[in-house]
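Trainee: As a plain string of letters, each chain reads:
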Amino acid sequence: MATLDFANVLAVGILLGGVYALVSVGLNLIFGVIRVVNFAQGAFVMLGMYGTYAFTAVFHLDPYLALPIVVPALFLLGAVVQRLLITPLRTEPAMQIFATFGLLLLLENLVLAATRGTAFSVVSPLASASIGVAGVQLSAVRLIALVAATIVAVALGAFLKRSMLGRAIRAVAQDRAAARLMGINADRIYMLTFGLGAALAGLAGCLLTPIYSLSPEIGTSFILPAFAVVVMGGLGSVLGAYAGGFIVGLTEAFAGFYVDPSLKYAVLFAVFIAVLIVRPSGLFGQLGAEEVGLRAE
Amino acid sequence: MPSDGLTLAGSVRSVKAPLIRTFAGELPTAAAVVAVAGAMVAFWSDDIFTLNILATMFLFAGLASAWNVIGGFSGQFSLGHSVFFAVGAYTTANLYLKAGVSPWLGLLPAAALAAAVATLLSWPVFRLRGPFFAIATMAFTEVALALGNYWTSLTGGTRGLSIPFRLGWANMIFRDRLSYALLMLGFATLCLLVALAVRRSRLGYYLQAVRDNEGAAAAAGVSVLRVKLLGMAISAALTGVGGGLFLMQVRVADPAALLSVFDFGVKFALIALIGGLGTVYGPFLGALVVVPLEGWLRAELGGVLPGANLVVLSICLILVALFLKTGITGLFATIVRRMAR
Amino acid sequence: MAVHTGRRVAVIAALSLILGAGSPRAADLKIGVVNPYSGPMALYGDEMTRGYDIAVEQANAAGGVLGRKIVIVRASATSAQEGIAAVEQLVGRDKVDLLSGTYITAISNAASEAALNNGKLYWETNALSRDLTDRGLPNFARSGPDSTAFARRSVEGVIQLVIPKLGKKPGDVKVWIEHEDSSFGQSIAMEQMRLLKEAGVPVSEGSHSARSIDLSDSILRAKNAAPDIWLSTGYVIDHNLLLRTMREQNFKPAATILVGTGDTPETLQALGKDALDGILLVSYPRADIGESYGPKAGAFLAAYKAKYDRDPIAPQAMSAYVGMKILLSALADAKSTEYEPVIAAAAKMDKPLGTYETGYGVKFDKTMQNVRALPIIAQWQDGQVRAVFPKEALAPGGTLIDLARK
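Chains as they are written, first to last, in numbering that gives the first Met the number 0: chain A, 0 to 296; chain B, 0 to 340; chain C, 0 to 405.
Honestly, I wouldn't trust all of these hints.
Claimed, not checked - Some chain A residues judged to face chain B by a derived CB distance under 8 angstroms, without partners named:
{"no.": "1", "residue": "Pro67"}
{"no.": "2", "residue": "Leu88"}
{"no.": "3", "residue": "Glu91"}
{"no.": "4", "residue": "Pro92"}
{"no.": "5", "residue": "Met94"}
{"no.": "6", "residue": "Asn108"}
{"no.": "7", "residue": "Arg115"}
{"no.": "8", "residue": "Gly116"}
{"no.": "9", "residue": "Tyr257"}
{"no.": "10", "residue": "Ala265"}
{"no.": "11", "residue": "Phe268"}
{"no.": "12", "residue": "Ala269"}
{"no.": "13", "residue": "Val274"}
{"no.": "14", "residue": "Ile276"}
{"no.": "15", "residue": "Pro279"}
As the list claims (entries may be wrong) - Chain A residues, not near chain C, derived (Cβ > 10 angstroms throughout):
{"no.": "16", "residue": "Gly50"}
{"no.": "17", "residue": "Arg179"}
{"no.": "18", "residue": "Asp186"}
{"no.": "19", "residue": "Leu282"}
Simulated from the structure, these hints should not be mistaken for lab results.
Quick caveat: nothing in here was measured; it's all calculated off a predicted structure.
We treat Cβ as the ideally placed atom computed from N, Cα and C, and that holds for glycine.
Given the sequences, and given the hints that come with them, work out the whole structure.
Mentor: So, in structure tokens, the structure goes:
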């Protein structure tokens, strides 16, 4: 029985890790390149979810089919936010953080006003499906999220390493002035990056919709673990953010089962603080990576 | 260099007086600010609704001032001050409920314990820079929340602590709103004086040096960690006092309420930012704007449509962030500069 | 000086009260309502107030109370501090005569204390915690059920309804009590444990955070204990996630009971009617309740539909409606809006169970808790929530269906 328990908890942790990795990859990009503590990242995930719900309510189609609409919409939103809110505050990083916080409040409350707080749920035929493997139950929706997280991590890594645009992004992250001298339009790169980060958040939101009942504050449940993922995994590394997701997911699952579900977040954040103190560049990041920028692995 | 809100007076004086402003030299300005606040209380002394707003405004002015010592003067952007706030609150409450210690006396151990906790917690994380430090402080708040919910004997767990309604000066429980307004004004004055003293002291200059260029400060012989810890301890001590006062006024609180990121953690920073980060009077101006605005919006829009008041508030916050980048004091300074031309 | 000004204000206030009380007034009777109208609980704050509005409308149509028209003034509060500000606003700015509310215990706690500071009555219709009445505030009374009533009813359900249906004896069944970790969940769970232990039923307990993104750990732990009955107290979001996780993890206890939430269309939408079939709910009495239990509940439903053009979103509305009616009765009996006479009048009220639409009666105990206000047990049956316990609450033709979920 104990081994089955262990297997179950391991499965839960890995699947949860997939969810966290998916949610955090966008944050990693934004934090790593633009160096903004984007409080509103969770709100982008929330918007992705509500956008998916609206799509299903109007078209009565499977929620996954909302991806082609939700993801580009959030990309646009991200680009606009970068242009109108983040760029003008370049010289005041404290105000930048505070502005993203204002954005979070705004988005949450706009959705609250529009929906009056009803907890919507999206139904997908997959939502109830779960596969039993050797006594361990695996939820289909979470498996999809895990696969998506892996694909996104690989694709993003390849994009950053091989494509011109990806290299431009890394260049700007490493040294803005030098990148400019090389002819790169830094502001446009920032817009692209923030847009991409928001789009990834929207992707996560859409894929996670079948799991959760929507509420305007659902974003805030994700944001702090997402920061833990990004920092623990290693700023400056896409692989690090991917791995970080699993670190956080497994920590949470094991702490929740073997210690106490009410204490799992305390354990998680205690571990987070410990990592932050011992190795602030994260477990997979390069030492001093917080000064260097985004790497493509 | 960040400017104080009353630069015109300062610059006129400095033509004749030495360039270095002293604590004693600033006192008249500080006294004027307190006098204006006192006048507001006197003017609205019969209006309990406004008195309540004033009390809240002064409380947050003090708390933002306290935050500003480490967040503004020293540039260590902490979002975890609600932890010290809660420590102060629970210390005062427990001493009162369990040992019968009058809250007036209980505020001292509250300040001390908050300072101790702050020193302990920030020691290992002060090596982190900028956003990493901020995120670490948020993580501390989460851990504190979980601990607070678990430690039922100290905090009442999720059901919270309740301070029974027993009127009396010794209990710091009053029926009239005027007493609370004056109490909070006293707190704000205390924070103002401490902030002023720090700013015009050697510690203040070290804090600014650390903020402006940590490496250079270290090279110049400033003991960076010691300076940061001292600034944090002072900031936390004042925040703890504010927490104790708050709990005695509200008389009921659970850990989630005291450690709320939005209601306290971010709000202290927000008020200081809006008023003018790193200035002495900034937090007061910030509180003057934010607290009544928030209350007014909730009163007018709160019942109309869920979240409407916060939509408007957040739009205001974003606009302020965009157009008043250096806060209200920065705005005044710009106006003064333009007028002087 | 502050002290002298205070005294002067008090004297003036007292004089105006005396003078004011003497002169005939046709001024509106203002009831200040403190509720969350923004934030996550906005839906329920709104819904409760709709219940108040209907009660007030009906009372005004019958001539008002004390010869005055009743007006509800809203103030939004999502936290204890905001609750105090709301009371100050209602009393200081809007000049209400008394206060009512409140969907959340913490807000009610602070707001009622602020009401006392201002010498006003605080009439609680919905917030659950036992602590609110145990405090002994002289201006406070609760017309609706408290957490003990919910706990008691859920245990009654377990012992009188579920265990016989499972064909077992109390000593032979295992109960797992799950609850969210704030005061709402904890207060009910503690009482449930106490009562079940008294009845000789073996009990295990688990708690979770309502804002958790993953509740697999709670379900795995419960599954390991192999309980016959899974009894959970929580909010909508976590209940939905728990039920979905149970489905994922193939955790199918013989009986599932949800306390407090799980009875709204939000849960139906999340799980689908097949998954919900058989699940028992301990909640406020519903508008489709049997006539002998809750007379004229149908009339309330009709009034709600007429005014708002849809069905009630949550049963809290009817409970709030009845609570307001009881308050208006007490005001009429007391012939005053001051808290002392109203509390005294309420304490004398004695109406049997089944007087009101929710099946409530009126009898306040020493702590001013209405002990004749009880929740009911309902069950999801084919996509509908139907009352099943007490037997009198059954709608005509209603019955208890199979408990096991598919």
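Trainee: Using 8 angstroms as the Cβ threshold, decide whether Pro67/A counts as touching chain B.
Mentor: 29 angstroms, violated
Trainee: Going by Cβ atoms only, is Arg115/A closer than 8 angstroms to chain B?
Mentor: Hint on Arg115/A: holds, closest Cβ of chain B at ~5 angstroms, below 8 angstroms.
Trainee: Would the stated hint for Ala269/A survive a check requiring a Cβ distance to chain B of less than 8 angstroms?
Mentor: 6 angstroms, holds
Trainee: Verify this label for me: Arg179/A is non-interface relative to chain C, using a Cβ-Cβ cutoff of 10 angstroms.
Mentor: Check passes; 40 angstroms lies beyond 10 angstroms.
Trainee: Please verify that the nearest CB of chain C lies beyond 10 angstroms from Asp186/A's CB.
Mentor: Per Cβ check, Asp186/A is outside 10 angstroms of chain C; nearest 35 angstroms; holds.
Trainee: Using Cβ atoms only, decide whether Ala265/A comes closer than 8 angstroms to chain B, and label the hint accordingly.
Mentor: 3 angstroms, holds
Trainee: Please check whether Val274/A passes as an interface residue: C-beta within 8 angstroms of a C-beta belonging to chain B.
Mentor: Constraint on Val274/A not satisfied, violated at 10 angstroms.
Trainee: Go through the hint on Pro279/A and say holds or violated, using the shortest Cβ distance to chain B against 8 angstroms.
Mentor: This hint holds: Pro279/A lies near chain B, its Cβ roughly 6 angstroms from the closest one there, short of 8 angstroms.
Trainee: For Gly50/A, which was marked as not at the interface, is the minimum beta-carbon distance to chain C over 10 angstroms?
Mentor: Answer for Gly50/A: holds, closest chain C Cβ roughly 17 angstroms.
Trainee: Using Cβ atoms only, decide whether Met94/A comes closer than 8 angstroms to chain B, and label the hint accordingly.
Mentor: Cβ of Met94/A sits 5 angstroms from chain B, so the hint holds.
Trainee: Does the closest beta carbon of chain B sit nearer than 8 angstroms to the beta carbon of Phe268/A?
Mentor: Hint holds; Phe268/A Cβ to chain B Cβ min 4 angstroms, cut 8 angstroms.
Trainee: Does Asn108/A pass the interface check with chain B, least Cβ-Cβ distance below 8 angstroms?
Mentor: The hint holds - Asn108/A has a Cβ within 8 angstroms of chain B, the shortest such distance being about 4 angstroms.
Of the numbered hints listed earlier, those contradicted by the structure are 1, 9 and 13.
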